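Hey, can you work out the whole structure from these sequences and the hints?
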Amino acid sequence: MFLFPFLFAALHAESDRELAERLKKRDHQAMADLYDKYGRLTYVLIHRIVRNVGVAEDLVQETFLRVWNRVQAFDHEKGALGPWVMTVARNRAIDYLRSVDGRMSQNAFELETSESPALFANLETEVLNSDRARRLKAAFEKLTVNQRLCIELAYYEGLSQSEMSERMKQPLGTIKTWVRTALKALRDELGEGAV
Amino acid sequence: MTCEELRGDYELLALGILDRSERAELDEHLSRGCSECTSALRRALVTNAYVMTLPPDVPMPRSLRKRVLASIGAERRNWRWIFYAWGAVMAGVLLALGWFSFDQRSNTQAVVSFLNASDTRQIVFPQGRVFVNATRGVLLLASNLPRPGAGKTYELWVISKGGAPKPAGLFDADAQGNAVYMYKAPVDLAQTGAVAVSVEPASGSQAPTTTPIVVVHL
Numbered sequence: 001m002f003l004f005p006f007l008f009a010a011l012h013a014e015s016d017r018e019l020a021e022r023l024k025k026r027d028h029q030a031m032a033d034l035y036d037k038y039g040r041l042t043y044v045l046i047h048r049i050v051r052n053v054g055v056a057e058d059l060v061q062e063t064f065l066r067v068w069n070r071v072q073a074f075d076h077e078k079g080a081l082g083p084w085v086m087t088v089a090r091n092r093a094i095d096y097l098r099s100v101d102g103r104m105s106q107n108a109f110e111l112e113t114s115e116s117p118a119l120f121a122n123l124e125t126e127v128l129n130s131d132r133a134r135r136l137k138a139a140f141e142k143l144t145v146n147q148r149l150c151i152e153l154a155y156y157e158g159l160s161q162s163e164m165s166e167r168m169k170q171p172l173g174t175i176k177t178w179v180r181t182a183l184k185a186l187r188d189e190l191g192e193g194a195v
Numbered sequence: 196m197t198c199e200e201l202r203g204d205y206e207l208l209a210l211g212i213l214d215r216s217e218r219a220e221l222d223e224h225l226s227r228g229c230s231e232c233t234s235a236l237r238r239a240l241v242t243n244a245y246v247m248t249l250p251p252d253v254p255m256p257r258s259l260r261k262r263v264l265a266s267i268g269a270e271r272r273n274w275r276w277i278f279y280a281w282g283a284v285m286a287g288v289l290l291a292l293g294w295f296s297f298d299q300r301s302n303t304q305a306v307v308s309f310l311n312a313s314d315t316r317q318i319v320f321p322q323g324r325v326f327v328n329a330t331r332g333v334l335l336l337a338s339n340l341p342r343p344g345a346g347k348t349y350e351l352w353v354i355s356k357g358g359a360p361k362p363a364g365l366f367d368a369d370a371q372g373n374a375v376y377m378y379k380a381p382v383d384l385a386q387t388g389a390v391a392v393s394v395e396p397a398s399g400s401q402a403p404t405t406t407p408i409v410v411v412h413l
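Chains as they are written, first to last, in the working numbering: chain A, 1 to 195; chain B, 196 to 413.
These are computed hints drawn from the structure, not numbers from a lab. Computed from a predicted structure; not experimentally measured.
Pairs of lysine-lysine residues, derived as DSBU-like cross-links and limited to a Cα-Cα distance of at most 35 Å, are as follows:
(1) 261/B with 137/A
(2) 78/A with 142/A
(3) 169/A with 347/B
(4) 24/A with 78/A
(5) 261/B with 347/B
(6) 184/A with 142/A
(7) 142/A with 176/A
(8) 379/B with 361/B
(9) 137/A with 184/A
(10) 169/A with 142/A
(11) 361/B with 347/B
(12) 176/A with 78/A
(13) 78/A with 25/A
(14) 137/A with 78/A
(15) 78/A with 184/A
(16) 24/A with 137/A
(17) 361/B with 169/A
(18) 78/A with 261/B
(19) 261/B with 25/A
(20) 356/B with 169/A
(21) 176/A with 356/B
(22) 347/B with 379/B
(23) 176/A with 137/A
(24) 176/A with 361/B
(25) 137/A with 169/A
(26) 184/A with 169/A
(27) 24/A with 261/B
Chain A residues, not near chain B, derived (Cβ > 10 Å throughout):
(28) 77
(29) 149
(30) 170
(31) 173
For each residue, glycine too, the CB sits at the ideal point set by N, CA and C.
Printed below as a string of structure tokens:
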């Protein structure tokens, strides 16, 4: 089963702007609402990355705790809460994978930077939309096997293009072509209106 | 490079996986406020958020909501849970005492001096505690470990920063998944990023062959 129903539910829930504002006021109920809105999306994402129920539970807890502790730096007027929460969740899981296989220090700074709340300012606040998610999934399924693998290695294993090149035993130039072509197809499917 | 040529890299930048050599030019465009690149980065964040929703749904533990809310103090503490947790801790202590009974004097003294040492650090994780000491090693107290299965056991790993996991011994748990294990060897704490536990063949492994069930960052 895909996650469209949960995205649909998220879309019809309270706006992220109001939710973020309540979180910044340390409203515990807002945290419950945040979990109800994004808990499943984050769990499924983290579970896909770490493939272990117990670890996924720990990392979901860590994700929401991190959001709670850092939400003061989040601009609720201009920021997109969903993409930020999802990025924090992915980073926790990728950080875990890296720590397990000894890749932990190389890109630690980049991961930390990539979830800075300031980065998520000036995005449409209700950015996640089930219709666009359906279209993106259809576009993803049209990618070639190698392009799909590159996307999965990037998003769900946190590999850089040179690491993909080693893993897939393909020249770096070939990997870059596959990654760029795949990302362009996905980006084009979402269109300019997604931002 | 032109903005158009850089455009394909923004998703990777936002994921924190762009190779360092490729990052410099993007940083340069962004730092001088290039509007085309700033817009491309925003778009990349959105694309990334959607790609993160692609994995198929999986059953979700119902108890997780309560646990997440408890972590910020939003759920009233469940005293029955604390009672059971305390029982598990006491069971762990008794197990530890039993484990050390075959050579009580030396092992008990080793544990007590380990725990009392001023330079012993304690890290709490959801299933227990890890104590680390640069000269004495690692002491693991864990509960609710999943059963390893026939012919399997648990293996402790010391993971250095940027290095491979190093085997730190095999251990068992009781029927309830409680375990106490002490790895007696010096540990370079400045260079150690984490300790982990994985399920391995009873003879042990030189590198983890399964996804670790416990990872504790130091």
